[in-house]
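Turn these sequences into a full structure, and let the hints guide you.
Here are the chains, one letter per residue:
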Amino acid sequence: MLAFLRFERQRLFHEKKNLIFLIFIVLFSLYFVWSGLNEYRQFQVEKKIFIKFEKEKISQFTNYVQYGTFGFRLLYETSPLNLFFVNSGVLQDVESNIDTFETIKVESSFKGKKLFIKRGYFKDFAGIPFIFGSLFMLYLGNLALVSPAHIRFMMGRLPLKKYYALTTLARLFWLNLFFILFGLSLFLLVQAGGVRFSKSESNMFMLYLLFMVVLLDFFYLLGQLTAVLVRFRKIFFLWLFIVWFICIFLLPEISRISVFNKSSALDSAEKVNLEKFRVLMDMEKRFRDYLKEKPTIPLDQIRQLQKKFAVNFLNNSYLQNMGRESKYLREVGKVISGHEWQSVLFPTTFYYFLSGEASGKGYYGYLDFMDYIMKLRNRFIQFYMQKRYEANDAVVESFVKGDENIFHSRSQLPNTYWIGLLAAIFYAVAFFVLAYWQLRRLVYPS
Amino acid sequence: MITLKNLSLEHGDFYLSAVSLQVRSGEIYFLLNRQSLSNDFLFNVLSGFRAPAGGEIFYDDCRQVQAERLLPAAFIDKIVDVTDFETEARIGDWIDFLCRGGDLRRENVLQTLMVLNFNEINLRKKVRDLTPEIFRQVYLALCLAPDVPNVVINDFSKGTEKSLEMKFNKLLWQKKAAGRAILYLSNDIIYAAEIADRVGFIKNGHLLFEADAVDIKDMDIKDLYYKFLN
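Which chain is which? The protein sequence lines are X and P, in order. Going by my numbering, the first residue of the first sequence is number 1, and it counts up by one from there. Going by my numbering, the first residue of the second sequence is number 1, and it counts up by one from there.
Where hints are given, some of them may not hold.
To be verified - Quick list of in silico lysine-lysine cross-link-like pairs, BS3-like style, CA-CA up to 27 Å:
1. Lys16/X <-> Lys125/P
2. Lys234/X <-> Lys161/X
3. Lys271/X <-> Lys292/X
4. Lys162/X <-> Lys222/P
5. Lys5/P <-> Lys234/X
6. Lys158/P <-> Lys222/P
7. Lys161/X <-> Lys78/P
8. Lys17/X <-> Lys125/P
9. Lys176/P <-> Lys158/P
10. Lys126/P <-> Lys78/P
11. Lys162/X <-> Lys126/P
12. Lys234/X <-> Lys17/X
13. Lys17/X <-> Lys126/P
14. Lys78/P <-> Lys170/P
15. Lys234/X <-> Lys78/P
16. Lys334/X <-> Lys52/X
17. Lys234/X <-> Lys125/P
18. Lys262/X <-> Lys334/X
19. Lys307/X <-> Lys57/X
20. Lys234/X <-> Lys176/P
21. Lys126/P <-> Lys16/X
22. Lys5/P <-> Lys78/P
What the hints assert, rightly or not - Derived, one-sided and incomplete: chain X residues facing chain P with beta-carbon distance under 7 Å:
23. Ala3
24. Phe7
25. Gln10
26. Glu15
27. Leu19
28. Asn38
29. Ser147
30. Ala149
31. Gly156
32. Arg157
33. Leu158
34. Val443
35. Tyr444
It is worth saying that the hints were derived from the structure and are not from the lab. The model shown is predicted, which means the values in this text are computed figures rather than measured ones. Glycine included, C-beta positions come from ideal geometry on N, C-alpha and C.
Here you go:
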């Protein structure tokens, strides 16, 4: 084994083009991690401005009606781990407004600097090993066994099984070692740059790294299998590219289209909003009709009546609307869960899902955000009702006491992580065995 | 000693019907056959990569079966394309690896390289940086390195430069002197007459004619060529 390790190290790391490719991967990743770190720092600065602005905004309100109408903004803050995945999230930079209106708004701002942040195209740490690392591993898998003539020559010295297994293991050992050290170095480098990760975030990153390495091994073994399947022909590079394109772009795109089609069965958000609006308007109409029936009611009683109607609304119609929103979220959750299970079926689709969740801006991050908005709005409306009708227009007190207006999204591991990992390992092992079986047929034709 | 007992093969137009022959220790036997592709096929059978239709092959007392086990024989194939051996490693590293992982004796490799006048600067080069002739020297040194009593060669010297061919002949004679049984598959009757001890001609699937090389020299080679190899 030692001889194989030594030889494969020389084959991999004494080859100029391999080194250039590896350096390219390292430099690009470094650049994107640095850019992610900058974005993280920028966000921290903007967060401070946001908190300050929100505090100032409250002091401008003269009564609770204004406060209820304008509400306050809720900022979506991802975990620091997001700097490795800035372009892998499902959500972009989002915020919401908590007020007494019926519609829940989640929106992205494109004002000022944010206009110039162009997202997408794998421009983050997670994207570089995925795009370039996979291509590189596919290529190295292709070169591993050299040619049938070389295999036959080697078989004069070693049995095929031993040669095949040890060559594969030795090459994967060095390549995995490289990618693990590379990932860990970047992680430590970011910490040296002043970012602190919690224990769960560190564990999350390690598990992400584990999946990334398994994914790259999957590509290596796929490259090896493809080389054997096309009998080491020189036109192989075309096949290599086709296989790579299918795995990296086509299958994830099919998965995305599939989830989009499934999501079309959901009611549109506008429909849900409209239903909620109708319920609200019903209440308004009843109040107006009541006032029409009794036009002589004094003003102070109207205020009491308003409160009565509002409490009645909170206890009935508002709960109905909350139920509608929760039901809608549950339906969205079902689509997400279906998409998650579908992603598990192939390593590249799962990698997309995993890096989305690891970014803290994935599908489950969205569900957590919506859940947080609903709970916070509930509390805000209770606060508003109490202050609106009982505070007698005293100075407007802020609902936000601590950092309630910051939603701390966590990087999370999908529940299917271990199944996804096992599926990727299964594929890799299947490719390893299939390539050996096909190689035997090639070396020992019947 | 290499023994073929009733060896039968079938591969496209080429076939062998119950060919039996024996190559004794310290003997160079040339098996001449018109078609180069047929020799390739026969070499694959002899080296265990293809199963014969019938019959048996023995290397000393070891019966060759199509299985993953090492035989007491060295197999030297012709090199069609040097890039087939491009491992991206330096030649010296490749030799090191084969000596450690493939249990070759380094002194045997170096000894052969010395006979071939191999320049050690080439050990630092990769296959793609070597001329085909120099790579053939390395290949030959590695193939001949195991201490095995039998050698099977598939037209190795065909297309090589005269200087390498002469060094190769020298190596074959050395091996012969060391008591190796050497079976050489070729279609070059002139080369056979030059270095073989015995020559066998295959035509229409049969081993039609066997003769000592000394006798062949006395025969009309052109006539033999037209009779068996054309």
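Q) When the nearest CB of chain P is found for Ala3/X, is that gap smaller than 7 Å? A) holds, 4 Å
Q.
Tell me if the straight-line CA distance from Lys126/P to Lys78/P falls inside 27 Å.
A. holds, 20 Å
(Q) Next pair to validate is Lys16/X with Lys125/P; report whether the Cα-Cα distance is within 27 Å. (A) holds, 13 Å
Q: Assess, step by step, whether the Cα of Lys271/X is no farther than 27 Å from the Cα of Lys292/X, and give holds or violated.
A: violated, 31 Å
Q: Verify the proposed pairing of Lys334/X with Lys52/X, using a straight-line Cα cut of 27 Å.
A: violated, 38 Å
Q. Is the straight-line distance between the alpha-carbon of Lys176/P and that of Lys158/P 27 Å or less?
A. holds, 20 Å
Q: Please verify that hint: Tyr444/X, Cβ, nearest Cβ of chain P, below 7 Å or not.
A: holds, 6 Å
Q.
Hint check: Lys234/X vs Lys78/P, CA-CA at most 27 Å. Holds or violated?
A. Between Lys234/X and Lys78/P the Cα gap is close to 20 Å, so the pair holds against 27 Å.
(Q) So if I understand the rule, the pair passes when the alpha-carbon distance is 27 Å or less; does Lys262/X with Lys334/X pass? (A) holds, 10 Å
(Q) For a C-alpha distance cap of 27 Å, please report whether Lys5/P and Lys78/P respect it. (A) holds, 25 Å
(Q) Run the distance test for Lys307/X versus Lys57/X: straight-line Cα separation, threshold 27 Å. (A) Distance ~26 Å between Lys307/X and Lys57/X Cα, so the pair holds.
Q: Could you check if Asn38/X really has its C-beta closer than 7 Å to a C-beta on chain P?
A: violated, 38 Å
The structure fails to meet hints 3, 4, 5, 16, 20, 27, 28 from the earlier list, while all remaining hints are met.
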